[in-house]
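Engineer: This is what each chain is made of:
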Amino acid sequence: MQADGLEKIGKDEAKQAAFEHSVCFLNVKYVSVDGAVWGNDYSVSDAINIEGLSHHFGNQQVLKDVSFSLAQGRQRALLGPNGAGKTTLFSILTCLLRVAEGRATVFGNDVARASGKALARIGVVFQKTTLDLDLSVSQNLAYHGAIQGMNPRRVRDRAEQELKRLQLWERRDDPVRNLNGGHRRRVEIARALLHEPDLLLLDEATAGLDLASRVSLQAYIRSLVQEQGLAVLWTTHLVEELEADEDVVLLRDGAVQAQGKLTDLVLAAGVSDAKDLLLGLSAPPGHP
Amino acid sequence: MTASAYFYCFLGVLKRELQRFVQQRTRFVSALVRPLLWLAVFAAGFRTTLDGLAIPPHHGAISYEVYIVPGLVGIIVLFNSMQSSLSMVYDREMGSMRILLTSPLPRSWLLISRLFSSALVSLLQVYAFLLIARLFAVTPPAWGYLAAFPAIVCSAILLGALGLLLASIIDQLENFAGVMNFVVFPLFFLSSALYPLSQMREASEWVYWLCAANPFTYAVEFVRHSLWLGFSPSAFWVTTTVAVILTTAAVIGFDPSRKMLAGRPGAH
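Chains as they are written, first to last, in the working numbering: chain A, 72 to 359; chain B, 2 to 269.
Hint data in this document are derived by calculation from the structure and do not stem from the laboratory.
Please read these numbers as outputs of a predicted model, since none were measured by experiment.
For glycine and all other residues, C-beta sits at the position ideal for the given N, C-alpha and C.
Hints may contain errors.
[Said to hold, decoys possible] Here are a few chain B residues that sit away from chain A, every Cβ distance over 10 Å (derived from the structure):
1) Thr3
2) Ala6
3) Leu12
4) Val14
5) Gln24
6) Ala45
7) Ala62
8) Leu102
9) Thr103
10) Pro141
11) Ala148
12) Val208
13) Pro234
14) Val245
[Claimed, not checked] For the chain A half of the interface with chain B, some residues (derived, Cβ under 10 Å), not all of them:
15) Ser140
16) Ala142
17) Ser186
18) Arg192
19) Ile193
20) Thr200
21) Leu202
22) Asp203
23) Ser207
24) Met221
25) Arg262
26) Ile292
Using the sequences and the hints given, assemble the complete structure.
Structural biologist: Okay, here's the thing in structure tokens:
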């Protein structure tokens, strides 16, 4: 039911309805029975909403007044050279770092005040592998399900679904140590999706993978956005991973330089392509 | 979050620690070899040390093997707790701690679950050791094994929390081994694990007071009394109180951002 109506509806129904409206750019909100609001009103239902976020490590300012949002069912790429603040931003969104200044919300839940509610809706793949190499694929997934508070039976069902979708079902009993880099990444994605999050954070998830694995992973992630209405914020260093109409946020020295469609940003910067745009970001300040 | 979510999380953390324990069989063997060497070699050499002495909770003379076994239970728990803390520092360095901390459940619950999972592994090692100790004529009453259960858990929580606190303070894996030498050995030797405090006092008054101020002494005494179906109020209260204080300090002192982003120059 729409947010101003009387009757509340199921989560999946509300989510699907809101997603359909967001595709049509209609500003309609829905409320599911658990009280969550779904829809494309940026103030409430954005998957991510960051306003004036700043962060320091000692005297070093690593984020400077960062503001941007990510709508539900959309995908945005966070681009920037090393030290731009991408990892710090991910650490704040996943509540590993405290918000020092500004505000960050995940589906309306302030990560500083309602971290549990925010984290329950996030699936994350960190740049560095975080799997337990001594345990098997299914044991890793079972552990993740448990720390998400999931019923073991539900974990088994979901693990089967995700591992089959990612063509890892046959390898479920293999120790992670025996998997190659591409397979490990797929296990991490299966794990991130296990608890059916609404937002997926991918921090350089394709780093170190061969071309075939990268293409396959990207295609899978895009299908999740299109078919399931998942919101995805991802970072990459690889220009070839970006599509022409990619929605991007450019970070440099902890500040947002620009945001929008990649083609528009390339045009606005007066450069020939995305590669030159990123090279410009990596150049020292004041340098062309 | 519902109560069942907390329960599933707790069970999941316990299960993971057990799975890791099963995978690392050498850890189990080495955990038993150390105290068995003390029991078989060290205790044999000191067999006459306690001749004619009645050490509480025993009412008559006991062999040195009988005296030393609770101390060796203490050292099993102590080493396992430090091993578990080392694994936590390793997890933090390797990044897998990040995944645990992205759980929607409160961090305090996650850390307490970690403490109990470490205690579970200690229990398995301790009971395996106590069974082998029967071969050395250390045969506590059958109910003593059950009575010692809460004492071992309490001691494991105390020492696990100490390890967790150290893991929160220590920056790098390499530093942890060094710190262990400054913590594990003084805790063990300055306690009643190897010698009764009364004998310690006869030898040196200040060593006695150091031993009396050491919480590990009370953990060992708690196990000793329970195993032989006795009860020492001071051992019980000191062990449980220090366990609660250290657990609270470890939970409050745990800062997930510490070293997680460091060690990666430019990883902002």
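Engineer: When the structure is checked against the list of hints, which entries are broken? Sort them ascending.
Structural biologist: 1, 2, 3, 4, 5, 8, 9, 15, 16 and 26
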